[in-house]
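Okay, here's what each chain looks like letter by letter:
Protein chains: 2
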Amino acid sequence: MSSADDLRWLDAAAALAARGRPLSRPNPAVGAVVVKDGVVVGRGWTQAGGRPHAEAGALAQANDAARGGTLYVTLEPCAHASQRGPSCTSLVLASGLARVVIGVEDPDPRTAGSGIAALRAAGIAVELSGSPAARASLAGYLTRTTLGRPHVTLKLATSLDGKIAIPDGSSQWITGPEARAHCHVERARTDAILVGGGTLRADSPRLDVRLPGLEPRSPQRMVLTSGPAPEGWTGVADITAHGAFGDAQCLFVEGGAQAAATFLAADMVDRLLIYRAPIIVGDGLPCIGDIGLGSLAGAHERWRHVDRRTLGSDALDVYERLR
Amino acid sequence: MSSADDLRWLDAAAALAARGRPLSRPNPAVGAVVVKDGVVVGRGWTQAGGRPHAEAGALAQANDAARGGTLYVTLEPCAHASQRGPSCTSLVLASGLARVVIGVEDPDPRTAGSGIAALRAAGIAVELSGSPAARASLAGYLTRTTLGRPHVTLKLATSLDGKIAIPDGSSQWITGPEARAHCHVERARTDAILVGGGTLRADSPRLDVRLPGLEPRSPQRMVLTSGPAPEGWTGVADITAHGAFGDAQCLFVEGGAQAAATFLAADMVDRLLIYRAPIIVGDGLPCIGDIGLGSLAGAHERWRHVDRRTLGSDALDVYERLR
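For the record, the sequence lines run as chains F and H. When you line the first sequence up against the working numbering, it's residues 1 to 323, in that order. When you line the second sequence up against the working numbering, it's residues 1001 to 1323, in that order.
These are calculated hints, taken from the structure and not from any lab test. Positions of the beta carbon are idealized from the N, C-alpha and C atoms, including for glycine. Check each hint, because a few of them may be wrong.
Stated by the list, open to error - Here's a subset of chain H near chain F, in silico, CB distances under 7 Å, partners left out:
# : residue
1 : A1261
2 : G1282
3 : I1288
4 : W1303
Put together the whole structure using the sequences plus the hints.
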């Protein structure tokens, strides 16, 4: 069992991990801090392309100060040798650290507890904390490794009454500039972004990141279609097919209503972002199509509200799928 | 200009005023506190049936302690003689109060500034504060007196995607017990409650207050219909007709989608309560029908978010119409 202090250091490590997302792909975006006598002496996060790992960066920065200290790392240190560098477990053993607190055990079968075992065998105190922040920051990697598919966020931008357009299809703009900017930040943190074929044909969305300095983070663009995809787009015909989304750890689904319904009906939405503008549309296009719900009882106990933000005159509510 | 202290005392007076609602009808539910040397020496609110007035109650409780003190009252004291008792202006003059701070000027043509004028003529310091709390607590009275219709609250209880039922019409239950209890408190504070004819036929709602001790507060029941209304219900054929809602100051509209749309299309909704359950319905019945919206631009700048509450696993968002 980890202390409240331990969990706070892991929160800090998880915040650092966010810097590596999504450029660390195919590696998980991990964060690490080395703490000695209550002071941070090293910080690291997975670099673009996956190397150096977070632990390597934090230990290099700490150098001799690591001796006798504690490493807080969001994911179990890797234990397998690689042509690209030594394993993090071997780096920890060489560092003189006294203690390692880990956010989440690595489900990768090449590690899967062997990193923890190797450290303990060398006399290092190792704790597995169950840090919610570490788990959340690794959601994409954990979902891909355990379920073989990306962690899916569904974004809806609606009126108060759940509409995304008036009857003639007009939908620009429901939400304001603050909500759109927030959505671009979400895009910058995902590996791939997807819209339905109808939305692509109707709106020709660019789906890129239009925030100064974050343009290079524009994700891979995907379209839900059984036909050919336009240049610059990857076509996805069956969202449940193995490898449908390549090696993407995080997928951001931006609609329309049929694409949203397809993911919901397959129970493949892990996180829901609802941006709501303070407008009422009445008759218009609903945000979600038919999901095959047979009874209201079946709709309950599936979603948990986890965040609320005011964005200009709009509001964002975030929900997570209870599994 | 009133001070922050003055506005806080008026907040307290407005909180007392809520006790009179809706039983004070046809009189406004007013609240009053008498403060002497920073201490409350009298409190009052409009009693059932409209008498005694709030000022009368507060001054009777303060008695001699009122001398040299300040009266905080949400609405301008009445100045017209009545067979039911002396005017509040005359009571204030007899009390020896040094100062009166008023929330809102009374738009009733029988008062409309004459109360303020009479007090000032007698040498009492009078301030009109523009207290938002006082104005909000008198919304029903002010709307009825100035617009000739009740203040209308539209309640929606929906899924996250704005649906009120699955395609077969099943709608029990969208929201949970905490949200339903909150809705019953809202019912207990209104004069009349209305549903559409279709909802009455389909659901036979009781629309009463089922909270211990508040059963006598069950409001008058109205149905939007051009035909005859069932026993115990008042039929309303045209919501814009003069006197359509009798002397109701506050009307609570509980649906369905067509009734909601009728009030919204007539721009007769002043306050919007949206109870949202953390469920997704997909294909289903939308919460609001056609309101004749011609363009999205016309939907903006109409609603302001004023409150948010968590009610069990549901959430309530409250909006006010910007006018």
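Can you list which hints this structure breaks, lowest number first? Structure breaks no hint.
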